[in-house]
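Take 5 as the starting number for the sequence shown in this note's numbering and just add one per residue.
Simulated from the structure, these hints should not be mistaken for lab results. Think of the CB as a built atom: it goes at the ideal place given N, C-alpha and C, for glycine as much as any other residue.
Below, simulated DSSO-like cross-link-like pairs (lysine-lysine); rule was C-alpha separation at most 30 Å, straight line:
(1) K414 with K428
(2) K48 with K596
(3) K526 with K546
(4) K44 with K122
(5) K44 with K596
(6) K596 with K582
(7) K538 with K48
(8) K48 with K79
(9) K350 with K414
(10) K582 with K538
(11) K356 with K414
(12) K507 with K538
(13) K44 with K414
(14) K45 with K437
(15) K79 with K44
The following label-pair restraints were derived from C-beta to C-beta distances:
(16) D94 with T449: 25 to 33 Å
(17) R597 with K350: 32 to 40 Å
(18) R235 with K437: 49 to 57 Å
(19) E572 with A236: 54 to 62 Å
(20) I256 with P434: 47 to 55 Å
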Amino acid sequence: MTTRAPQPIMEGTGEPVAPRSERMADSDLGHLRRVLVEIKKAIKQAAFNRHRSDQFESYMAAAHGLLAAYLAVHKVCEFKLEVSTFVVGDTPLFEDDQQESNLIYPLWAAGIRLLTFKEGVTALELVRFFLAVVDYRRGEGKDDLVTHLWKQEFQGIEWVVVTDFDLGEEGEQSEVEIEVEKVLTFLQDSLRSDTEDGIGFARVSIADLDVRLEQLDAIRQTVVTQQTVDRADRKSVQQEVVADERDLLRRICNILLEVMKMPSTERELSDLEQALEQLLDGLILEGQFGMVDRLLDQCEMTARDAALLSANREMAKTCSDRLFLLMHEGQRVRAIGSALNSGRTKDLDGLKRYLMRLGPTVTLQLLDLLDTLTSIPHRRLVCDVMISVGQQGVPIFARRLPTASSNLAKDLLYIIDRINPPDKVSLFAPILKHENAVLRMEGLTTISRTKDQRCFEIIEETFRTHEVPQMRAHAARLLAEYPPAMCEPVLLAAVSADDFEDKPDGEKRALIGALAKVESNKAQGWVRAIFAEKSGLLRGRKVDDRKLMAISALQAAPGLPALQLLVEVAKDERQHSKEVLEAAAAAALEVKRRIAGPSGAPQA
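All chains should be modelled from the sequences, with the hints used to inform the complete structure.
Here's what the structure looks like:
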């Protein structure tokens, strides 16, 4: 057995201890939410200003101060990790669904499920930890993320990794010894049955097995290695087993359909009905929804076959009606989610036909099912089915919207938007007051897809009056997507107002980026005027800061006009400082990369 040096990772040590914040007060939850928001802001600032590493600690000062205040009381701060969300107890605290500089998903994808900050953690540690995550996300790390973080040697940050492990080498059994000889002997004797009871071995109970575990220590960081079956062989065997199971169910299905056409007694037909019910459950559990659809088609065809006896036709109709009724029962609708999350369902077209058969009567059950799905393609397929069959369910969707989970609320916005009821905009209005900031922005984005005057007025009202700067910034970016005649006066009035310089940096960047996307002479002229300012002895730093903010805004709103302006700034050595020139050059490269897309060809 080989062991790793002590590190803040626990592998194979059982379930992680539940966070201490299961029943945390609302004030503490709000405090921690502010910590995470400030961390996100600091990392964005540090990632953009890589050339100013001496300022990293100052960027993180606000977040570190809030976190240190919490740790002074509680000593430890623990966050559970979901796909894109930090969770405390059962409360989603902070969601990061951005592709660029995502702080959560890389950790979750590496298997990290619990992140702990201890009293004494420094601001520099916070910056180093999350920048390491961002760098790895960009492909700069050579090791896997867990190893990459471990090499950084963080003293105030710990994490728990959920991972697999292999059995130890054959000659290294001194520390871990499992006595299994008695178990093997017992099972072999049970399988060698001389009686007619051919399934007696299946009744072996755990109480019959005397397994003694000696000298078995739960050792953190233990990695046991042993040569096992070749991966290719193991995959081949698994594929053969799955193929056999699917073929067996198909053959059973065909046999039962053939029996249905044969002359049978009433008792035999009753047994056939029960067998079909069990077959339905087996097909659902295996995720073979297309086969269920074909089974129902065959039953309906048999019921219409004039060449069969009336008793057989009646039984076929009874079986078809019975199967259709069973499909709508709550436990079987819920079983669809289990099959989808297990990854067993490959025939998505068959799944869609199955769900379409369920129809609008299971709208509520499908909503609950949708809330449990983890795969985006599966969620989108269920949404598309609900769009087709749920035209009358719009009031149900609207009532569920304010209290739905984050993912379900996004799905409901998509469904209502695609159904496109006459009062769609009024149905979306309540989501703008949702406590989840991501959902508020998602709702505003959905409203902006309709380019009419009413939607523009809602976005403009949010931009002018909303109390949260992030919402105002998001509204500014959405306003820029409307025709210049509509959005230019609103945006120019905002940047020309006396309180513009007092706004948060994020909101100012959003306004500058929005104007950069507006194709009008006034809007483009205002942005260019920022770079036309000349530095003086007394106001040089302030002018450079404005230019750096404008560069950041142009990078966040990529387009050909932004790229052209950034290139011009990067080449004008007489007008701009070295810091501005370097930032403009780096931003131009990034904008060019994003415009070109993954293939390297310019995007339309």
